[in-house]
Amino acid sequence: MSDAESPATTEPTDPTREHETDFDPVSVFDGDETMDLRPGADNCYKCSVCDTACPVAEVDDDFPGPKFQGPEQWRLKRKDGGEIDDSIMSCSNCMRCDDACPSGVPLSQMHNTARGEYVDEQMDKLSREYVRNRILANYGTLARLGSKVPRLTNLVMGNSLVQKINEKVLGIPSERDFPAFASQTFREWWHERGGANVENEDKRIAYFHGCYSNYNTPEVAKALVRVFESFGYEVVVPRQRCSGTPMFANGMLDDAERAAGVNVGEFSDLLEAGYDVVASCTSCSMSLRQEYPELFELSGIEEVAANTYEALEYLRIHEDVRGALDDASVDDQALAYHAPCHARNQGLDRQAVELFRDLDGVLIEDVGDSCSGISGTYGWKEEKYETSMKIGEEMFEHMRDATGEVGMTECPTCSMQMEHGTGYDIKHPLQLLEEALC
Amino acid sequence: MPIREDVLVVGGGIAGTTAALAAAETGAEVRLLSHKKSTLRQASGLIDVLGAVGGDGPIADPFEAIERLPDDHPYRVVGAESIHDGLRFFDDVAGDVYAGGHTDRNALVLTHGGTIKPTARYPESVAPGLASAAADTLLVGFAGLTDFDAPVAADHLAATGVPFEIDGVTVRFPIEFRDDARTTRLAKALDADEDRVRKRLTDAIDAAETDLDYDRVGFPAMLGDDHAAAVRDELADRLGAAVFEIPTGPPSLLGLQLEELLFDALDDAGVRISAGNPAVGYEAADGRLESVTVDRRGQAVPYHAAEVVLATGGLVGKGIDSDRESVTEPIFDCHVPHPSDRYAWSEDDAFGDHAFARFGVVPDDDLRPTDDAAEPHFENLRAAGGVLGGADVAREKSAAGVSLATGAYAGRRAGEEAT
Ligand SMILES: Cc1cc2nc3c(=O)[nH]c(=O)nc-3n(C[C@H](O)[C@H](O)[C@H](O)COP(=O)(O)OP(=O)(O)OC[C@H]3O[C@@H](n4cnc5c(N)ncnc54)[C@H](O)[C@@H]3O)c2cc1C
Ligand code: SF4
Ligand code: SF4
Chain P
294 MSDAESPATT EPTDPTREHE TDFDPVSVFD GDETMDLRPG ADNCYKCSVC
344 DTACPVAEVD DDFPGPKFQG PEQWRLKRKD GGEIDDSIMS CSNCMRCDDA
394 CPSGVPLSQM HNTARGEYVD EQMDKLSREY VRNRILANYG TLARLGSKVP
444 RLTNLVMGNS LVQKINEKVL GIPSERDFPA FASQTFREWW HERGGANVEN
494 EDKRIAYFHG CYSNYNTPEV AKALVRVFES FGYEVVVPRQ RCSGTPMFAN
544 GMLDDAERAA GVNVGEFSDL LEAGYDVVAS CTSCSMSLRQ EYPELFELSG
594 IEEVAANTYE ALEYLRIHED VRGALDDASV DDQALAYHAP CHARNQGLDR
644 QAVELFRDLD GVLIEDVGDS CSGISGTYGW KEEKYETSMK IGEEMFEHMR
694 DATGEVGMTE CPTCSMQMEH GTGYDIKHPL QLLEEALC
Chain S
127 MPIREDVLVV GGGIAGTTAA LAAAETGAEV RLLSHKKSTL RQASGLIDVL
177 GAVGGDGPIA DPFEAIERLP DDHPYRVVGA ESIHDGLRFF DDVAGDVYAG
227 GHTDRNALVL THGGTIKPTA RYPESVAPGL ASAAADTLLV GFAGLTDFDA
277 PVAADHLAAT GVPFEIDGVT VRFPIEFRDD ARTTRLAKAL DADEDRVRKR
327 LTDAIDAAET DLDYDRVGFP AMLGDDHAAA VRDELADRLG AAVFEIPTGP
377 PSLLGLQLEE LLFDALDDAG VRISAGNPAV GYEAADGRLE SVTVDRRGQA
427 VPYHAAEVVL ATGGLVGKGI DSDRESVTEP IFDCHVPHPS DRYAWSEDDA
477 FGDHAFARFG VVPDDDLRPT DDAAEPHFEN LRAAGGVLGG ADVAREKSAA
527 GVSLATGAYA GRRAGEEAT
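Sequence lines, in order, name chains P and S.
Quick note, the first sequence lines up with residues 294 to 731 if you use the working numbering.
Quick note, the second sequence lines up with residues 127 to 545 if you use the working numbering.
Okay, chain P solo, but in the shape it has when bound (with noise of 0.2 Å):
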């Protein structure tokens, strides 16, 4: 049917044909109680529009994309039960298609619980693919290990040989470097400290930090505490484990829901407190917000959820940060941005180069909204890092393009990928705002 044509075109729905079926909620996939996607499946009217966003799909002719992934899986699988189709791990999670959907179908939901049925049913627990996906899935867990020896660690995972061994027995990719450990975790430096410096019973966060920021950069989470203590914020970093997102995207669901009945238990009792929930990165704010309403049934996984912000958004929100910035200046330095899918999903893939665009000192560009690619574990995989580098490419051209030799963005995993790509040092926002304002 053709849109450019006549009458059936623009033509608005006929608002009293709407909603003349009632159906019974059913289960969408099998063994599962508390998830009736089915609504979601019947708004998909074909338009494949979230095809036209996918990432992998784009670079990757066997992947069927996203309206296949979602409804379409689902309405195989209703009318001739059946498995899974294994493309689903394919899907790097980057939850595109979500936002593009103009019919409101609940796409990443359905990838999040068709991956852990698959997983859960389907993959083989012996596998290797399941041993790597659980290791790095869990990289909180290795990272806590790995970080109790920090330069052993990173002489070990630095050295070639190890990193053959890997890709041959684990199927994680020689070319990727591993992300060296500080020599002293975040929450190290915090006790150290002796935590917070402000007390204020007006204006109190709880910092998620996740673990990429504790293990691996200390310097964002730093930079958060100093920025917030500077407009006079109360920080407390609460016991926290992973936020999930690595474990969503290897369909490692009960995994998550274990991490997340911790966060979840933390978190809530800090929220009656007056506290609100604040991230540093952008894939953690997403998963506490949406993924963990969509995907369990906690007590107080509401309240997290909408008490949960990203931190440049939540100052944004609060205080006059533009106009904090109007008086401040920084050495002077050009930046190629990033803005990770997590955070357009969220609608904040412009709030850096908005706030930055007119500090002193600063020359931002937006190196365009193409993915990195590397969608968290997803470009850890030796099957997916020729794939993950050919998404990327787009970004690697237009940040080489950019005036700026360092890059910035509010993802640790883009962050990886951006340095991989390019050879840069990468920024996180925060540390910006602190040059500025501390």
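Hints are not guaranteed to be accurate.
[To be verified] Cut-off 20 Å, straight-line C-alpha distance, at most; resulting in silico cross-link-like pairs (SDA-like, lysine to any residue):
{"hint": "1", "chain 1": "P", "residue 1": "K339", "chain 2": "S", "residue 2": "D275"}
{"hint": "2", "chain 1": "S", "residue 1": "K444", "chain 2": "P", "residue 2": "N336"}
{"hint": "3", "chain 1": "P", "residue 1": "K683", "chain 2": "S", "residue 2": "K314"}
{"hint": "4", "chain 1": "S", "residue 1": "K444", "chain 2": "P", "residue 2": "C337"}
{"hint": "5", "chain 1": "S", "residue 1": "K314", "chain 2": "P", "residue 2": "E687"}
{"hint": "6", "chain 1": "P", "residue 1": "K496", "chain 2": "S", "residue 2": "A426"}
{"hint": "7", "chain 1": "P", "residue 1": "K339", "chain 2": "S", "residue 2": "K444"}
{"hint": "8", "chain 1": "S", "residue 1": "K314", "chain 2": "S", "residue 2": "A362"}
{"hint": "9", "chain 1": "P", "residue 1": "K339", "chain 2": "S", "residue 2": "G270"}
{"hint": "10", "chain 1": "P", "residue 1": "K683", "chain 2": "S", "residue 2": "A318"}
{"hint": "11", "chain 1": "S", "residue 1": "K314", "chain 2": "P", "residue 2": "F689"}
{"hint": "12", "chain 1": "P", "residue 1": "K683", "chain 2": "S", "residue 2": "D317"}
{"hint": "13", "chain 1": "P", "residue 1": "K339", "chain 2": "S", "residue 2": "L271"}
{"hint": "14", "chain 1": "P", "residue 1": "K339", "chain 2": "S", "residue 2": "Q168"}
{"hint": "15", "chain 1": "P", "residue 1": "K339", "chain 2": "S", "residue 2": "A318"}
{"hint": "16", "chain 1": "S", "residue 1": "K314", "chain 2": "P", "residue 2": "D354"}
{"hint": "17", "chain 1": "S", "residue 1": "K314", "chain 2": "P", "residue 2": "E690"}
{"hint": "18", "chain 1": "P", "residue 1": "K370", "chain 2": "P", "residue 2": "K418"}
{"hint": "19", "chain 1": "S", "residue 1": "K444", "chain 2": "S", "residue 2": "P404"}
{"hint": "20", "chain 1": "S", "residue 1": "K444", "chain 2": "P", "residue 2": "C340"}
{"hint": "21", "chain 1": "P", "residue 1": "K339", "chain 2": "S", "residue 2": "P377"}
{"hint": "22", "chain 1": "S", "residue 1": "K314", "chain 2": "P", "residue 2": "D353"}
{"hint": "23", "chain 1": "P", "residue 1": "K496", "chain 2": "S", "residue 2": "D352"}
{"hint": "24", "chain 1": "P", "residue 1": "K496", "chain 2": "S", "residue 2": "P128"}
{"hint": "25", "chain 1": "P", "residue 1": "K683", "chain 2": "S", "residue 2": "D352"}
{"hint": "26", "chain 1": "S", "residue 1": "K314", "chain 2": "P", "residue 2": "M682"}
{"hint": "27", "chain 1": "S", "residue 1": "K314", "chain 2": "P", "residue 2": "E422"}
{"hint": "28", "chain 1": "P", "residue 1": "K418", "chain 2": "P", "residue 2": "K339"}
[Claimed, not checked] Counterexamples of contact, computed for chain S against chain P with all Cβ distances above 10 Å:
{"hint": "29", "residue": "E151"}
{"hint": "30", "residue": "A186"}
{"hint": "31", "residue": "V297"}
{"hint": "32", "residue": "K325"}
{"hint": "33", "residue": "T336"}
{"hint": "34", "residue": "R423"}
{"hint": "35", "residue": "D491"}
{"hint": "36", "residue": "D492"}
Just so you know, these hints were derived from the structure itself, not from any lab.
No residue lacks a Cβ here, since even glycine has one placed at the ideal position from N, Cα and C.
Fit chain S with the ligands to the supplied structure of chain P, relying on the hints for placement.
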């Protein structure tokens, strides 16, 4: 307060982007808020101004026909001057990528379904295919791409009495993709000339069965992306005929292209953009809006502004909401008149004169939505595009034109008031 601009535009379609550009032109600080990416990815990419009045068409000169529209039609409210203004913004944005700006008169474009449609602006790649040119035409469809059936479209067009010979053939796209391959994928293959696909495609057309000695060849709009002009040139060269594109249904590459043009223009104009979350409510005092409330995954975030433009589209764009009982404007709860008897909303004839097609907010002469006593809801709220009532844009073929004209007017007025 933190997030604050002179003008806040709600909606990222043609109306919203035009309003934001017009407001920025007055020197105001502008933010555009849009929930979904935009409906443009579904739209054909054509800019219709006015193709029919009261079911009579096609109209040759839209400007001449405006006075035949009902008094409450948005064109009558803002006047021909605003239509010209809207088109001026559009022509600036589109540059060489679009054609049609040389005249006030409508062009006749071939559609996907084999009809002819009067339109004011059309992508330059569509231009060689106008129905007014007496050039014998071959339409080419691809097997598997079911939504364009070239032989059927050619038959339909022949039956409407076009002033040239026309035939249609279906060929296999030279590279095997999955059955449901996306149009973007085919476009990419042509863009990069993967496996010499351009040459192989023209070989397939040469081998296809037609008796027609054609002067031009029309394809569904997927001839390349970044290198589209090169793709068309090479195909034309090899076929020894002009090559043109026919606008397609969603997902529409021409719609996508238009979206990119508009958003690049917003960037150039310094407009701030917040996309991904819906506006859900407002705060007001003394008859003026103080802020619009945005729902960011559960959090209510206020966006402050001196002037607000509502450009959330009609029933399709979700600017107007309906259930069995009533029709509403969900953000500001503006008054939307509609018969209480819901059977009066539509006609039995699918293409008839449906009341619901004209549902929308009722503006005063400054495009401010009014309440049931004809007073403005808020002094500083204006509306533009599909959310306005009084136009049946599908039947009139005036959708983009109404959005351009009212967007240009509302944006300019908001900017003037705010600065
Ligand atoms: C399938 C299709 C085919 C079309 N073909 C043609 C054609 O051939 N010729 C032609 O001239 N026109 C065509 N159009 C019409 C044209 O593209 C526009 O839809 C029309 O001009 C109305 O534009 P608009 O800007 O008012 O609204 P829309 O384009 O509907 O945009 C509304 C915007 O508002 C946003 N929005 C809605 N609610 C909220 C909210 N609560 N908070 C924040 N943002 C919100 C939406 O996300 C969207 O970005 C077509 C439209 C469609 C859907
Ligand atoms: S989540 Fe990303 S990779 Fe997965 S189907 Fe959606 S757009 Fe494609
Ligand atoms: S964008 Fe939404 S409605 Fe369109 S095909 Fe994808 S899921 Fe279906």
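So, going through the hints one by one against the coordinates:
1. Between the alpha carbons of K339/P and D275/S the distance comes to roughly 18 Å, so the proposed pair stays at or under 20 Å and holds.
2. Our distance criterion of 20 Å between C-alpha atoms is met by K444/S and N336/P, whose separation comes to about 14 Å.
3. Distance check on the hinted pair: K683/P and K314/S sit about 14 Å apart at the alpha-carbon level, within 20 Å; holds.
4. For the suggested pair K444/S and C337/P, the alpha carbons sit about 16 Å apart, so the restraint of at most 20 Å is met.
5. Proximity of K314/S to E687/P is assessed by CA-CA distance (about 14 Å); at most 20 Å being required, the pair is judged to hold.
6. At roughly 18 Å between alpha-carbon atoms, K496/P and A426/S fall within 20 Å of each other, so this suggested pair holds.
7. Note on K339/P and K444/S: the hinted pairing holds, with a Cα-Cα distance of about 18 Å set against a maximum of 20 Å.
8. A threshold of 20 Å between alpha carbons decides the hint, and for K314/S with A362/S the separation of about 18 Å falls inside it, so the pair holds.
9. This hinted pair checks out: K339/P and G270/S have alpha carbons roughly 15 Å apart, not beyond 20 Å.
10. A distance of roughly 15 Å separates the Cα atoms of K683/P and A318/S; the hinted pair therefore holds under the 20 Å criterion.
11. Among the hinted pairs, K314/S with F689/P is consistent with the structure: their alpha-carbon atoms are about 19 Å apart, no more than 20 Å.
12. The straight-line distance between the Cα atoms of K683/P and D317/S is roughly 16 Å, inside the 20 Å bound, and the hint therefore holds.
13. The hinted pair formed by K339/P and L271/S meets the criterion: a straight-line CA distance of about 14 Å does not exceed 20 Å.
14. Our distance criterion of 20 Å between C-alpha atoms is met by K339/P and Q168/S, whose separation comes to about 11 Å.
15. For the suggested pair K339/P and A318/S, the alpha carbons sit about 27 Å apart, so the restraint of at most 20 Å is broken.
16. About 12 Å separates the Cα atoms of K314/S and D354/P, which keeps this hinted pair within 20 Å; it holds.
17. For the hint linking K314/S to E690/P, the alpha-carbon distance of about 17 Å falls within 20 Å, and the restraint holds.
18. Restraint check: the Cα-Cα separation between K370/P and K418/P comes to about 23 Å, which exceeds 20 Å; the hinted pair is violated.
19. A C-alpha spacing of about 10 Å is found between K444/S and P404/S, which places the hinted pair at or below 20 Å, so the restraint holds.
20. In summary, the hint linking K444/S to C340/P is supported, as the alpha carbons are separated by about 17 Å, within the 20 Å threshold.
21. As the CA atoms of K339/P and P377/S are separated by approximately 10 Å, the hinted pair is consistent with the 20 Å bound.
22. A distance of roughly 12 Å separates the Cα atoms of K314/S and D353/P; the hinted pair therefore holds under the 20 Å criterion.
23. Taking the CA atoms of K496/P and D352/S, the gap is near 50 Å; set against the 20 Å cutoff, the hint is violated.
24. Of the pairs offered as hints, the one joining K496/P and P128/S holds, with about 16 Å between alpha carbons and a cut-off of 20 Å not exceeded.
25. For the suggested pair K683/P and D352/S, the alpha carbons sit about 17 Å apart, so the restraint of at most 20 Å is met.
26. Distance restraint check for K314/S and M682/P: the Cα-Cα separation of roughly 18 Å lies within the 20 Å cut-off, and the hinted pair is therefore satisfied.
27. Between the alpha carbons of K314/S and E422/P the distance comes to roughly 32 Å, so the proposed pair goes past 20 Å and is violated.
28. A C-alpha spacing of about 35 Å is found between K418/P and K339/P, which places the hinted pair above 20 Å, so the restraint is violated.
29. Separation of E151/S from chain P is adequate, the least Cβ-Cβ distance of about 20 Å exceeding the 10 Å criterion.
30. Taking the minimum C-beta to C-beta distance to chain P, about 17 Å, the non-interface status of A186/S holds against the 10 Å cut.
31. With 10 Å as the threshold on Cβ separation, the claim that V297/S sits away from chain P holds: the shortest Cβ distance comes to roughly 20 Å.
32. Listed as a non-interface residue, K325/S keeps its Cβ farther than 10 Å from every Cβ of chain P; the least gap is roughly 21 Å.
33. Distance check for T336/S against chain P: the nearest CB is about 22 Å away, which clears 10 Å, and the non-interface claim stands.
34. With 10 Å as the threshold on Cβ separation, the claim that R423/S sits away from chain P is violated: the shortest Cβ distance comes to roughly 5 Å.
35. No beta-carbon of chain P is positioned within 10 Å of the beta-carbon of D491/S; the least distance is around 26 Å.
36. Every CB of chain P is more than 10 Å from the CB of D492/S (nearest about 26 Å), matching its label as outside the interface.
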